[in-house]
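*Asks:* Which chain is which? The protein sequence lines are A and B, in order. Position 19 (the first sequence) corresponds to 19 in the numbering used here; numbering is contiguous. Just so we're on the same page, the numbering used here is the position in the second sequence counted from 1, plus 50.
FYI, nobody ran anything at the bench for these hints, they're computed from the structure. Since we're looking at a predicted model, the values are computed, not measured. Any given hint could be a false lead.
[Stated by the list, open to error] No farther apart than 16 angstroms at their CA atoms in a straight line, the calculated lysine to aspartate or glutamate pairs in the EDC-like style are these:
| hint | chain 1 | residue 1 | chain 2 | residue 2 |
| --- | --- | --- | --- | --- |
| 1 | B | 202 | B | 160 |
| 2 | B | 281 | B | 135 |
| 3 | B | 83 | B | 56 |
| 4 | B | 83 | B | 135 |
| 5 | A | 27 | B | 135 |
| 6 | A | 27 | B | 64 |
The lines below spell out each chain.
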Amino acid sequence: MKQWMLHNWRAKIGSLLIGFAIWYLIKVSIDPQGVSWRALREETGVIQRP
Amino acid sequence: MNAVLEFFLRHFTDGLEILILSAVVYGAFLYLKGMRGTRIFMGVVVTLIGLQLISQIFDLRVLSWLLSSVSVFVAMALVVIFQPELRRVVADIASNPLFAGPGSKNANFDEIIETTVELSNRQMGAIIAIEREASLRVFSESGVRIDALFTKELMLTIFFPRTPLHDGGVIVHDDRVFAASCIFPVDKEESMDRAIGLRHRAAIGLTQETDAVVIVVSEETGSISLCRHGKLERGLKPAELRRRLTEMLLKDSDETVDAP
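Could you build all of it, start to finish, from the sequences and the hints given here?
*Replies:* And the structure:
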């Protein structure tokens, strides 16, 4: 298992990041309230838009 | 502890979705690895996803609008630019046993090997493309149609220097020579060894686009090379040629041996 994880690890990490990015973009477009970064920011009040 | 468990249960399906998407991306990466233009393709895709992500996170509406407008044209451009690669993907799908029909039978297997060895002994340059599931008809149109039984004598005549048909490749379909003097697409990879001649580049180019198996005999050295899926195996001895051809054509094993 460890050997499998270490083999070609850059491609695996890259694929994971791309997979997450695709998932996030799709999730935001189908469920804007559920996962949106914007909603999170508005909730926490990190950035206040006029 | 409860919070961790609750978080895990809440986001289990999300994690599963991300893992599946990542596996698909990784599989696509492994499949495309080594193909011509993969770096450009991956670069364009990663840039587009990255920009889309940034515009989404920071609520950059102009960039988001621009990306959504441009993405259709980018997709069309990618299809046009990577047409040969897409053709190969389709050919691979077609050659999958699940979708494949009866397919071609290379009955005169021994004759092909015998011919290749004879061409090599006489140092006659030759390129023989053995058609498999993907049709080579489009390439046969650039040559002269023969449609004759594959025999050693015929091949030696075709590839004899200074004859009208000796320049170009031969397409073998089933146990017949379908066409001769055919022009195959040449691989334009600049990083390739300069010593590799045009015949070998044509073999790589053709096998990058189709599932054909191509045998090349060097005119300079008489060495025998075998090419499949864009991978060239050079300097094969007759016994090695027989073994690799058997693996490729009869057992239909995928390439387990990389080019030396």
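*Asks:* Now tell me, hint by hint, if it's right for this structure.
*Replies:* To see whether the hints hold, each was checked on the structure:
{"no.": "1", "hint": "B:202 to B:160", "result": "holds (10 angstroms)"}
{"no.": "2", "hint": "B:281 to B:135", "result": "holds (14 angstroms)"}
{"no.": "3", "hint": "B:83 to B:56", "result": "violated (40 angstroms)"}
{"no.": "4", "hint": "B:83 to B:135", "result": "holds (11 angstroms)"}
{"no.": "5", "hint": "A:27 to B:135", "result": "violated (30 angstroms)"}
{"no.": "6", "hint": "A:27 to B:64", "result": "holds (9 angstroms)"}
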